[in-house]
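Residue numbers (the working numbering), protein chains in the order written: chain L, 1 to 320; chain Z, 1 to 309; chain V, 1 to 543.
Hint data in this document are derived by calculation from the structure and do not stem from the laboratory.
Source: prediction; values computed, not measured.
Cβ atoms here follow ideal geometry from the backbone N, Cα and C, with glycine treated the same way.
Keep in mind that a hint or two might mislead.
Partner residues are not named here, just some residues of chain V that face chain Z (Cβ under 7 Å, in silico) [what the hints assert, rightly or not]: (1) L292; (2) A338; (3) Q341; (4) S412; (5) K420; (6) L425; (7) L465; (8) M479; (9) S481; (10) E489; (11) K491.
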Amino acid sequence: MAGYLLRRLSSALVVVLLTTVLLAVAVHLVPGDPARIVLGEHATPDLIAIVRDRMGLDDPIALQVWHFVSGAVQGDLGTDFVQSVPVTSLIGQVLPDTLALAFASILLALLIGIPLGIALARWPGGVLDRVTHGLSMVFISAPAYVTSLVLLLLFAVKLRYLPAVGAGQAALPVDYLRHLILPALALAVFWWGYLPRLLRATMLEVMGTQYIRNSRAFGVRERVIFYRYALRNALLPIVALFGLMIGYSLTGTVYAENIFARPGLGSLALTAIGQRDWPVIRGVVLMYALFFIFGNLLSDLSYRLLDPRIKPDDDVEAGG
Amino acid sequence: MAIAEGDIASRPELPGRLAGPRALLWQVLARPTGLIGLAVVLLTLATAVAAPLIVPHNPSAISMWHRFKPPSAANLLGTDDLGRDNLSRVIYGARLAAEIAIPAVTSAFLVGLLIGLLAGYFGGWFDRGLIILIDTLLAFPSVILALALLTLVGHSIVNTALVVAISFFPYYARLTRGLALTTKYQTYVKAERALGAGQARIMFVHLLPNILPPLLVVVAMDVPSAIVVEAGLAFLGLGVPPPTPDWGVLLNDGFVNVAISVWPLVGPLLAMVIVTTGFTLLGETLRDVTDPRHAGVRRPARFLGRGVR
Amino acid sequence: MASRRGKQAGMARRVFLKKVGLAGAAMSAAGLLDAGKTRGASSTLRWSSAQNPGTLDPLTNQFDYAFPPFSTVFEGLTRYPPGDKWQAVNTLAETLEQSPDGKSISFTLKQGIPFHGGYGEVVAEDVQYSFYRAVGKEKMYPDAAKEDTSWYAGDFGGLQEIKITGKYSGVILFDKPFSPMVRLTLPYATSGLIVSKKAVQTLGKAAWLKKPIGTGPYEIVTYTPNRELIMKRFDQYGGAAGQSASAFPWEEIRVSLAGSGATTTGAAMTAGVESGDVDFTYGITPLDAQRLQGNSELKIYGLPQPLSYNFVQINVLHPKLKDIRVRKAIRLGLDIPAMIQAQDLDASTRLNALIARQMGVGYWPDAPVYERNVDKAKSLLQEAGVSSLELDIAIPGTPPATSKDVMQVIQSNLADIGIKVNILLSPPDSYVKDRAVGQLYWTNYGGAPDPYYQFEWFTCAQLSLWDWAFWCNSDYDNMWSQIAIEENEAKRTQIAIKMQQLMDESAGFVWSNYQFTNAVTRAGIQGAFDPNGNPIVQYFKPT
C-alpha cells in the first residue's frame, strides 16, 4: 500500500509539473507575438515592449519556463497584466467564494442523496423507487448550466423567492446563505440523481451476501442489519466519491458563478479571458488542475483503501 | 511501471461480450427506458438531418419589429432579441449539435485509438511518456482546458470541434491502451508472436477487431457528452460565431435577456434536457443488457471521467 | 504637433461603455458594500458595478475623461458642470485668459485651496508640476521606473513651458496655438487635473498610487482594484467648485468595481439597486431601463452620450474593398434604423457624420443621409463586377453587449445584397494591424468635447492603430493640424465640415448613431450628469 501511495503521489506530482510547464509554454505555441496576442487590441508598440519585458518573452524559453515553474512552486504565479497585482492575491480574493459554493453543493448532495438512497434500499420496488428512477435519469443527464438556468428561471425570475445574483454580503450569514442556495442546489442536483441509485444498488448487493444471511440466521434484528451492517458498507464507496465530487463541483462552479453572477475562480477566469490577461488565466487553470488532480488522487486512494476487491487496471501489465 | 495505474476514476468501462445486433435491439426495445431512449436519439438525429425541411421559419430571418414576442400561432416558442423564430432556431440547433459533436467524437476516437494502440502495443518508454501526457490532459476539467485553448487560438466551429476532440481523445487513448494491453498478453497473441507474425499484423488483425465493437458503443454514447461540452463552451461565449443557432448560443442569448423575456430560453433548455436524458436512458439500457453484472452500480467516472459538465 | 508616443492615450480613452454579457464579478461588490440596508437615509452613497479605473493617477488611468473617482478627488483649472451645456466654468482658476495669438494661456489661481492630507494649498508650482508631468518634462514619480510614462501627453499639444509669474499665477506657453487645451484638456481630461507636487515627491510611486492627493471634495480612503473604492468627504474642502464641504451631502461614497470586461446586463446588474443594497447603478441597458420604468422605488435616467459614436469602418485598402463602388454598395445596403434598434436605441440618436450636433462646434447639418436602397446597392456591385463576395466583420476590443446583435443585423442586411458576412467574435490582432486582413468593423469610440480629438483617429498616423478603415488623406491631416491651431469657432466648424466631407467621399465610414446609456438611482436620490452622461457623484442629492 505504501508503495502504491508513493507511486500515485509521484505520478500526480509529475502531472502537476508537466501542467505547469505546458502552461508556461502554451503562449508560445500560438503563431504570432505572444504579447500582441495577449494584449489584443490594446497592443501598441510601447505597451508590447512593456509586456514582453514583463512576460520575459525575450528570455530563452527554458528560462521562462523555469521562472514560472520555480515561482509557482513558491506560490508566486506572476503578476497580471491589467493592474499589475500578484495573481495569487486575485485568486485569494475569490477562492473562498468558490470553495463555499463547492462545499455547500456537496453538503446538499449528501444531505438529500444519502437518506434518499437509504429509503430506496429499504423499500425497493415501491412508488418512491419508481419515481426516483425516472427523475434520476434526468438529473444525471442535465449539465450543470442547464440545471442552473432552470433554477434561475423558476425561483429567481418567475417566482422571485430567492435572489438571482451575487454572493450576498459575507458579513451577514443569512444573506450569504440565501444567495448560496440556488447555485449550490444547481450543482447538487446531479448527485441527487446518482447517489441514491448507487446507495440503493450497493446496499441491496450487500444485503444479499452470505455474511448478512448468516447474521439473520443468528437472530440479529433486521433493522440492525440494515443500518449497522449494510449501510456502513454501502457508505464506503461514497466516501471514495468525495474527491470526484470536488472535481465535479469545481467544473460546475464555472457555470454557476456565471449564471448567478457570483464572484469566484470561474468568474475570475472569464473576466481574465475577456481582458486577455494571460497570467491570470494561467494561474486559474493551474488551480483547477491542482484541485482536480488531488481530488482524483484522493478518490483513487480511497477506493484502493476501502475496497480491496477493486484491482487497478495496470495489474494487467504484470503479466508481461 | 505505468504512471497511472490504479486510476480507478478513469477505469475503462465496457459492456461485456455483445450479442448480435438484432438480438441487442430487441432487448433494448423490450425495456421502457430503452424504448424511450432510442426514440429520443432517433428523433434527434432525424431533426438534425431534416432541419431545413421542417423549420417553420428561416432561423436567421431578422425582424426588428417583432423582438421578444411571446408564443403565438406564427411563432410557437416566441421570438428572440432580433425577432427570429425561437422554434426554428432550436430545431437547427439539433443539426449543429450533430455537426459538431459527431466529427469531434469521431476524430477524438480515431486519434485516441491510434495513440492507445501504439502505446499499448509497444510499451516501454514510449508508453510511459504517452501516459504522462494523457494524464496531464486528463488533469484539466475539459471546460477549463477548452477556455485556455480557445483564448489562444480564437474560436470558430472548427476550433471548437477541435478543442472538444482534444478533451476527449485522452480518454479513448487510455481505454484503447488498456484493451491493447489485455489482448497483448492473451495466449493466442503470444502464439502468433512465436510464429513470427509482425507487430502491425497482430495489431490490426487481432487487436482491432476485438476491441472495436465495445469501443464503438462507448464512443456513440459519448456524443451527448460532446454536445454538452460544446454547448457549455458556447454558453460561455466561446463557441461558434453568430448567427449559428447552436443550443449553447441560444442559452447564452436567452440568459442575457432573461429579464426581458424567458421564451428564448425555454426551447434550448427543453432540448438539452430531453436529448441528454434520452441518450442516458439508451446508454443505461445498453449497459444493463450487455453487462448485467454492473447493472445499477456505475462508477461515476462514466459521467465525470472527463471532467465534463 | 508632435505625434503621440504610443497609443495608450487613445487606448485609454477607448473605454467601450458596454461589455460582453458574460456574468462576472459584477455583483461580487454587492457583498462588500455596507451592511446597512437603510434606503437613502444614510449619508453613504453606494454605487455598484462601476468600471475599473486602472490606476488612480490622472496620467495613467483607463479613462482620461471626467469620471469618478477622478472628477471627485481631483480638480482642474476649469470644469464642465452637470447639465447639457458644454460651457466650461472656472474651478481652481480664478482667471484664465488666452492671448490673442493663441500661443499662451495665463492663469491666476484661487487662493487658499487646500490639498488633501495636509499638503498645503494649491500654488502655481503645482500647476506647472502637474502639466510638466503630463508632457514628460518631469518624472512621474521621484522613484519612477523606465516604463512609468504619462499616457496623455498628447492632450497638451505643443506645450513648451509654464512660466511662474507669482505664487498663484503663471503663463502656459505653446509653440503653436492649441484650441483643445481650453475645450478638452483643462475642463475634461484627467490629464488636466492638478496634483500636489509636494505629495507626489514625498510619497513616491507606491504610496501615491494607493492614495493620490487632489483638491476635490472627496478623498480616497482605500482602493482595491476590481473590488472596491471608498472615498470620504474632505472636510477642509476649499470650495473651488463654488460650495463648501458641508454642502456635499455624502460623508462617504462607496464604489464597487466590476472587473472591467465582464459586467453583466439585465437582472445581475440591477439587482442591487432594486433591492436597496445599492443606491446607484450606471451604464444599464435601455432594455433594463424600460423594464424598471414602472418601479416606484427607482428613478431612471436616460443619458445621451453624443460625443461617443458608433459606426462601421470599411478597410479601403483591402483587395476586396478597394473599389469604391463596393463600399458605396455596402453603405446603401445597411439598414441604419434597424442597427440602431438592435442597440435598443431610437432614431433620435442617428448620426450622419462624425461630429454630433451637441458638440457645438464642427457640426455638419447638411451631411448626406443614406437611406437603404437594396437595388442601387446591387447594381453598384454589378458595375464593379463583383459577385458572391464574402467579407468578415469584427469588433476589436471588448465589445458592448449589443454588438453581437448589431453585427447580425449587418450580416442580414448585406446578405440581401448578395454579400456573405462572417462575424468574428474574437478577431486576431492582425485584423487591426494588417491591411490585407481587416475588412469590416463595427466600431464604438468614446469621444471628448473637442473636434480635434474626434478627428485624430483617422489621420495617417493612426494606420494600424485606430484608423481601422486604413484611410490616409494628406488634406485631412493638414486640416487636422489646422483645426488645433484655429481659435475661431466658426472657422473651426468650416474646417471640420470639409474634413467630414472627405470622410464621406471615401465611403470608408458608415455612420450609425451616438451612444446612449442609462442609469438608475433609488427614488430618494437625484443624480447629476455632465453633457456626455458622465455621473458627477458629488452632486447627487438625497431628495
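Give me the numbers of the hints this structure contradicts, sorted from smallest to largest. 1, 5, 7, 8, 9, 10 and 11
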